[in-house]
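K.L.:
We have chain A; now place chains B, C, D, E and F onto it with these hints.
6 protein chains.
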Amino acid sequence: MIPEACKQLLGAGHAVVLEQGAGALSGYDDENYAAIGVELVDGPAELYATAQLILKVKEPQASELVLLNRDHLLFSFLHLAAEPELTRRLQEIGLTAIAFETVEEESGRLPLLAPMSDIAGRIATQVGTTLLHQSHGGKGLLLGGLPAAERGRVVIIGAGTAGGNAAVLAAAAGAEVVVFDINRDRLAAMRALGNNVTGLYPYEDAVAREVSRADLVIGAVLKTGTRAPHVVTRQMISRMQAGGVVIDISVDQGGCVETTRPTTYENPTYKEEGVIHFAVTNMPGAVPRSASQALSAVLLPYVLALAGPDWKTCKPLTRGINIEAGEVKHPALKETFA
Amino acid sequence: MIPEACKQLLGAGHAVVLEQGAGALSGYDDENYAAIGVELVDGPAELYATAQLILKVKEPQASELVLLNRDHLLFSFLHLAAEPELTRRLQEIGLTAIAFETVEEESGRLPLLAPMSDIAGRIATQVGTTLLHQSHGGKGLLLGGLPAAERGRVVIIGAGTAGGNAAVLAAAAGAEVVVFDINRDRLAAMRALGNNVTGLYPYEDAVAREVSRADLVIGAVLKTGTRAPHVVTRQMISRMQAGGVVIDISVDQGGCVETTRPTTYENPTYKEEGVIHFAVTNMPGAVPRSASQALSAVLLPYVLALAGPDWKTCKPLTRGINIEAGEVKHPALKETFA
Amino acid sequence: MIPEACKQLLGAGHAVVLEQGAGALSGYDDENYAAIGVELVDGPAELYATAQLILKVKEPQASELVLLNRDHLLFSFLHLAAEPELTRRLQEIGLTAIAFETVEEESGRLPLLAPMSDIAGRIATQVGTTLLHQSHGGKGLLLGGLPAAERGRVVIIGAGTAGGNAAVLAAAAGAEVVVFDINRDRLAAMRALGNNVTGLYPYEDAVAREVSRADLVIGAVLKTGTRAPHVVTRQMISRMQAGGVVIDISVDQGGCVETTRPTTYENPTYKEEGVIHFAVTNMPGAVPRSASQALSAVLLPYVLALAGPDWKTCKPLTRGINIEAGEVKHPALKETFA
Amino acid sequence: MIPEACKQLLGAGHAVVLEQGAGALSGYDDENYAAIGVELVDGPAELYATAQLILKVKEPQASELVLLNRDHLLFSFLHLAAEPELTRRLQEIGLTAIAFETVEEESGRLPLLAPMSDIAGRIATQVGTTLLHQSHGGKGLLLGGLPAAERGRVVIIGAGTAGGNAAVLAAAAGAEVVVFDINRDRLAAMRALGNNVTGLYPYEDAVAREVSRADLVIGAVLKTGTRAPHVVTRQMISRMQAGGVVIDISVDQGGCVETTRPTTYENPTYKEEGVIHFAVTNMPGAVPRSASQALSAVLLPYVLALAGPDWKTCKPLTRGINIEAGEVKHPALKETFA
Amino acid sequence: MIPEACKQLLGAGHAVVLEQGAGALSGYDDENYAAIGVELVDGPAELYATAQLILKVKEPQASELVLLNRDHLLFSFLHLAAEPELTRRLQEIGLTAIAFETVEEESGRLPLLAPMSDIAGRIATQVGTTLLHQSHGGKGLLLGGLPAAERGRVVIIGAGTAGGNAAVLAAAAGAEVVVFDINRDRLAAMRALGNNVTGLYPYEDAVAREVSRADLVIGAVLKTGTRAPHVVTRQMISRMQAGGVVIDISVDQGGCVETTRPTTYENPTYKEEGVIHFAVTNMPGAVPRSASQALSAVLLPYVLALAGPDWKTCKPLTRGINIEAGEVKHPALKETFA
Amino acid sequence: MIPEACKQLLGAGHAVVLEQGAGALSGYDDENYAAIGVELVDGPAELYATAQLILKVKEPQASELVLLNRDHLLFSFLHLAAEPELTRRLQEIGLTAIAFETVEEESGRLPLLAPMSDIAGRIATQVGTTLLHQSHGGKGLLLGGLPAAERGRVVIIGAGTAGGNAAVLAAAAGAEVVVFDINRDRLAAMRALGNNVTGLYPYEDAVAREVSRADLVIGAVLKTGTRAPHVVTRQMISRMQAGGVVIDISVDQGGCVETTRPTTYENPTYKEEGVIHFAVTNMPGAVPRSASQALSAVLLPYVLALAGPDWKTCKPLTRGINIEAGEVKHPALKETFA
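Chains as they are written, first to last, in numbering that gives the first Met the number 0: chain A, 0 to 337; chain B, 0 to 337; chain C, 0 to 337; chain D, 0 to 337; chain E, 0 to 337; chain F, 0 to 337.
No lab work stands behind these hints, which were simulated from the structure alone.
Computed from a predicted model, the values in this text were never measured in an experiment.
Incorrect hints may have been included.
[Claimed, not checked] Residues from chain C that face chain E, not an exhaustive set, calculated with beta carbons under 8 Å: (1) A4; (2) G10; (3) V297.
[Claimed, not checked] Derived lysine to aspartate or glutamate pairs resembling DMTMM-like cross-links, with alpha carbons at most 25 Å apart: (4) K333/D with D184/D; (5) K55/B with D204/D; (6) K270/E with E265/D; (7) K55/E with E203/A; (8) K222/A with E104/E; (9) K55/B with E203/D; (10) K55/B with E149/A; (11) K314/C with D184/E; (12) K222/F with D184/B; (13) K328/F with E63/F; (14) K222/E with D309/C.
[To be verified] Pair by pair, the computed Cβ-Cβ distance ranges are: (15) E38/C with P228/E: 25 to 33 Å; (16) G10/C with G273/E: 40 to 48 Å; (17) Y264/A with A61/B: 35 to 43 Å; (18) G307/B with A331/F: 44 to 52 Å.
Virtual Cβ for every residue (Gly too), placed ideally from N, Cα, C.
Isolated chain A, as found in the complex (with noise of 0.2 Å):
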């Protein structure tokens, strides 16, 4: 939470407790936090001592497991399906859990995993643009071409959020780009980005086509809860010229491409069939002074709802809980956990 949106909380009547330094990576010092009547504190410890709403981005580690208790209410970033060793000490704990990820409007839209997907969307583009230089042992294309030199052409498998925004960003660069996509009005508002846009639906033979011309492919293939499919295999990868680039978007889910294994932005990137792969679990994180502004104006509803009486009459967070005072609570979570 930016120092702005812990204002928003302050002036409804609420104290806001936080980890020194934790607002360092976004851009913010703890003296803006503390000018606006943040309280301070050196730990975690402390802070879990203190605070009853325990507001996070990640799940949380080990070092803080001992430190949360049944009154806590856990509010983060959760992926419990993939954790079940973290979904046992949560119910150990007996506390109650909200996951980002699952909390969801009437109409089924996560509204927490937009900013995420507007985010990961546009770091692929950029990230991918620059992989492509030589001196990133890509093959040496200027992604938008020039005069009397081609345009690269970039591949995006899915347009949806994410997709989407990689697809706005390639565009504005000049490349050629091809998003694929079961979903004809998706595909409608891809060519409404720009005449270099083409939707085209994943027929496999369409994909190991496209896949084979792209100098960069970005699989976006993010759907809720669900492990990503292989739309793209290795064997594609393989027809691919040499130096080309492939960002993975999905491997949170397991990745949307064959050749695809989780990266960190310590060591980003990894050639495999040739082709520099790109797999960051945690794309957002190169930008967290975007990103904290971003998530914010989207959490603080929910957060000044959840700090307030009456948070079980909002829906959207209700069917969020993954965990109530101890016990597993969200349907896709029991039925993995059955």
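P.N.:
Below, chains B, C, D, E and F alone, put in the same frame as chain A:
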């Protein structure tokens, strides 16, 4: 010269000799050249012994100088003004040398520089965009912003070909862009790139104010044959936020940013005043594939002329002669070495 | 109703009676109406005596109330929540009254308000642009800037229909535009208007910061049936540069700017805190010609329904009933007068 | 000359005589002309007897040559280089003849050709778009593509006025467009038309590759007074898919496509190598209404000059003299007939 | 179904049988199908004997009806409301038939009609553009105008999918475009296509005025299962200039222009009231290649469902059943034949 | 000269003296100037006694003339052709005077007029937009239209810098725009502003027809040193609808509209023929802040030259000399006073 351009030379009845592997970086294999009739030789010695017109991108290196003789006609980037030793050697050899950067049309335009400026400008924005990622040491900002997050600010010094191309990409990416130039028509052209581009006159105070607010500063003050002035001072840089980025395209001419020092793609950046500096001297080297396409297209007419009997009737070429039969001929060069 | 719409009513077999001169402001002469068969009467008395369905833009004035009787079906803007006396009178008369502003589609949309919001938003930018001229007391700034001169900054509070339309024109004029809204999708829509439009969350501090840097502030917080909150405080306004401009479209609901007070086109502006305020209560009144065209198009289907026998099967109309046979029916109104 | 232009001539004190029905194709009746004071005559005999300055679009036909005499000043498209017989006849008559196509500004621009090139380029894309329909024998492709269907590819040879206009419409229609030209500035201008336009250098191999992938090829290599080179060979055409389309705008100069042969609007197309060819010699003839408006506007200043006493002080006109008092004067023409 | 779609069916374990040559018009040879495992049969007899699910574009012809039996599941465009005889035959056969045009999503959208409307709208503008050429009998106008020549005016009746697509292309071509629709949101969407598009309410007088000024009128009033109303009357058409053009996309539903009568691509136009009429009943037939790509993409999910065991759980398909085991099931059809 | 420009002068070693309060209208306080080292003096007497180079925007007033002496070098707008008395006085004083409006580049361009034309053109559209509001006496039209309401029509006479800028804003606002100009290239440039801009040749009949249909007419016929012709006559104006608006930017040269008479910002409009006229002689005076920024940028290089020793080597300045040591020097001026 890409294979397609070589074929035009061959079609005009000329023999074309190429060092093995010379096209590899640009994505062309020896086979591509051999298939159309280019003669491939194993190392420079054989090449210099065979050919009369020597076409290179970079100035001759020590190992090549010993192979040159007075019958060679050398056509490459030379930048002799900064290389008195090289100049002396070429004079001793007694050959004739025409520099890409001094080929000049009637109107004063330098046709062989334009593609390099196109590329450098575009590379600058692409690289700057990703250096702002925290994973590269930047402030963690998404240049074009997001719903509920602020746009980044890009300040470009100089609205010529390089600065203009940097502005095109920065504007397309959605940043707020300020371009400084003395020429009103160029400022009007910058405005026409989009409503997020503002063109201003480079008053010292205006530059200082805008640089201090910038996330990304691109120096693009390129003047033929003169040292770039320090339009951006160390003090201005020191007032930028930590994690900001400076890219100085004019580094080849000494840089228009006081804190600039030349770097290479092996070690492209350094931090000074908390700001990331990128000042690779041969920026287009990141995209040899695109660069060779763009450069071949502007070179071909001149190479065809040089390979013919009457090349001295081609005024842009004769204006570009630096050394003729061992004698310094270019006016600016004569002045430098007077 | 413009003549073309009246002709549709006549074509459907209804008689249409019009007060003489009623179309003059909108550019339609009595002859235009007479030519197609509209009956023109000299003054309201005759009109009210003849007609059953009374269609007006504004709520009935004192002189008209005496002419209304229980058999009339009144269809106009009413805003009864703020007019207890008028409400009482209409109840006494015992008629049925449907307010434009409460006609409501299944989805909650208010179809008869949209054109008025379109217009108010556009008028706000147009008026603000010229109030910035020094000849109108403004700071002497060209909103969209010039080569070598800075762009103006426009801050818009609310990204609904009115705010969105204000943003469209401000973006097209080349200003830097910031739009505040709580809804992320609306912010994304604002960004899509152009790269000079930024959408932000209305944290109090963010609004304060942007207003203090703004040349033109447009208040467009419109919520059905409630008082607009004071999102922009007097203190914020006092930190704007002298000669800045504030336009408050939400003045009808009390204004979302603390320093707003209602004005009229006769005397449209006043200065407070050195800032020009424009808060005409009936902004669309400036463009009756365009407004009557836009309003006729959305009204016609409802008027055709009301003139028919089964209008009570039309749900949006029945939802819009304020008073039925003298009894207050609309839930919000009942609550107000409970 | 459209009536509005004639009126300007009349207003300048000149008499204007017109053959009856001459404006019909362009949508102007004799009455339009008579109403403003143009004298209408019944057939050319009377016209040539009355008028001194003869203004036509096409060169004089046999029936008109007998009516011309040495006092006539002829101003029309002439193309005498290809018409030695006509040239001889005009010399015999002893008149002075200025050709539209040789009127030349200081800068070398040919102002009376530009509108014809504008039109021919636009017609080419419009006709090509529909010839791709299967109902016209084409391959049954929608040029701009659809959601889930591929875009068509248009290859244009030449980025001058004609090629540029063809590219404008093809880009707007949503096709992938490749334009070939030797001139880097023209390639940059083509890119600026849209991100779906790529500009390439016309290496033989590049042209061959792109033509083989094209759905629509437009030849637009126009050079004053010389035969167009065969940039596109029969072999390249033979490698296009069946049902592809070729439009050769340069047919008047012999065509820049080897398989081109002149056609007329009566019988506009033929198939060769499975590809539909359209090479109507007078393409602008399809839109006489637009053409006469555009042509009148560029002609009027010259006609006003010619109708005045000092026309020989107008350099562009004197440069355009082909025959003066029976003597061949234009340098290129003298060379042709030397 | 294009080969890529067939491959998906094969991949799902189904056998696919195709009549030889069926893909030829769309640009797919038998070999394309054979190569992926589609079984090719020589004529319909063998095909109907082998297959259970019969997928066609057009309704069954006489020669096919004799081959159908009660075990077939027929999936094609049917338009039975206008074909009582065909309906009776299908009932007699006792099969189950689902019509493309009645497959309906929860929201009421007809997903299999959208691609056909996309195409018809685009074809209409493309054809209209060239019919305005004098060589096709038109008034000789370049639709988008020229420097010094006026733009053409296009009037489109209906802003649905077909009308909207027609408007997209007409706007891109540079014409002045007026689109009529009752729905305000659609009018706003049309405006957003470009500043040369105006959206108006279809008052009879407004339509009459605009049609009389139009160069090209496109009728696109498409309503499911009802006859299109005559929005444009003969009298309106008679007031257009000679050589104007009318394209009526709604001809399949009787046409929304009074002077419309169905034509075919063999003989596509006729003149009435001096205006060229084009009303080919199967407009998408001009671009089978694009149409089959677009249609395959929307069909595939339903075909996969139909080929599976549980297709009756797919609501859009069951809503689309016209005849089930010989019994008329679709409500609209039952009403028609009641 | 804005403070930033003064600082450049000070940095070049010159002393800068400013009358107190001179920057106030442009938003610069005396403190802004004092802070950087500008000497502030209390009234013109002291200033003229101190300074040698007198830089003003407007020509010297009576009170200033008495302070001028033969050693002054006067640099300002002068417009002496229309001011014989002022000319005589300046001659008597014996000084040297250079007029902004006659400084002329090699190419004939007048660099100091361009910013004023930029501004006047933009002001014209902005003012015209609001004068169309009924509250200002206009016809009550929203210039850019609305869903279901028509767009306004803007007719601009002259496509030079002023007319072009007026067209840019009118096009962006969504109006239908017609620009008249004799020059085909300018018409092509106007078309390129948007598909709602048409460029036509100014035949008298064409102007008459378009003006009669216009809502807003902008006169922008600016020719150096000559009276603007009356392209728009009273009769044309009289055929406009009541409540239309005319803005004549060329009023300084007598106006290109017959009914134009000069007005001031105190009393800017009058009605004639039912049409609102706005013809303020100093239109840029409305935006002194923007104007001083734009003007400073083009002036600075010349002021730096004039403040140096060799200004007579600067050709554009010497071409701009009106009076040199008391003698009329400018050719046009000599002719006027011959």
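K.L.:
Please work out if K222/A and E104/E have their alpha carbons no farther apart than 25 Å.
P.N.:
Given that 25 Å is the threshold and the Cα spacing comes to 22 Å, the pair holds.
K.L.:
Are K55/E and E203/A close enough, with their CA atoms no more than 25 Å apart?
P.N.:
Holds. K55/E to E203/A sits at ~23 Å (cutoff 25 Å).
K.L.:
Next pair to validate is K328/F with E63/F; report whether the Cα-Cα distance is within 25 Å.
P.N.:
Holds: K328/F and E63/F sit about 22 Å apart, inside 25 Å.
K.L.:
Has the given pair, K55/B with E149/A, been kept, meaning a C-alpha gap of at most 25 Å?
P.N.:
Within the cut-off at roughly 22 Å; holds.
K.L.:
Taking the beta carbons of E38/C and P228/E, is their distance inside 25 to 33 Å?
P.N.:
holds (28 Å)
K.L.:
So, as I understand it, the hint says G10/C touches chain E; can you test that by seeing if any CB pair is closer than 8 Å?
P.N.:
holds (7 Å)
K.L.:
Is it true that the CA of K314/C sits at most 25 Å from the CA of D184/E?
P.N.:
Holds: K314/C and D184/E sit about 19 Å apart, inside 25 Å.
K.L.:
Regarding the pair K55/B and D204/D, is the alpha-carbon distance no greater than 25 Å?
P.N.:
holds (23 Å)
K.L.:
Tell me if the straight-line CA distance from K270/E to E265/D falls inside 25 Å.
P.N.:
holds (19 Å)
K.L.:
With the threshold set at 25 Å, check whether the alpha-carbon distance from K333/D to D184/D stays at or below it.
P.N.:
violated (33 Å)
K.L.:
For the hint on V297/C, does the least C-beta distance to chain E fall short of 8 Å?
P.N.:
holds (6 Å)
K.L.:
Hint says 44 to 52 Å; check whether the CB-CB distance for G307/B and A331/F agrees.
P.N.:
With a Cβ separation near 51 Å, G307/B and A331/F satisfy 44 to 52 Å, so the hint holds.
The structure fails to meet hints 4, 16 from the earlier list, while all remaining hints are met.
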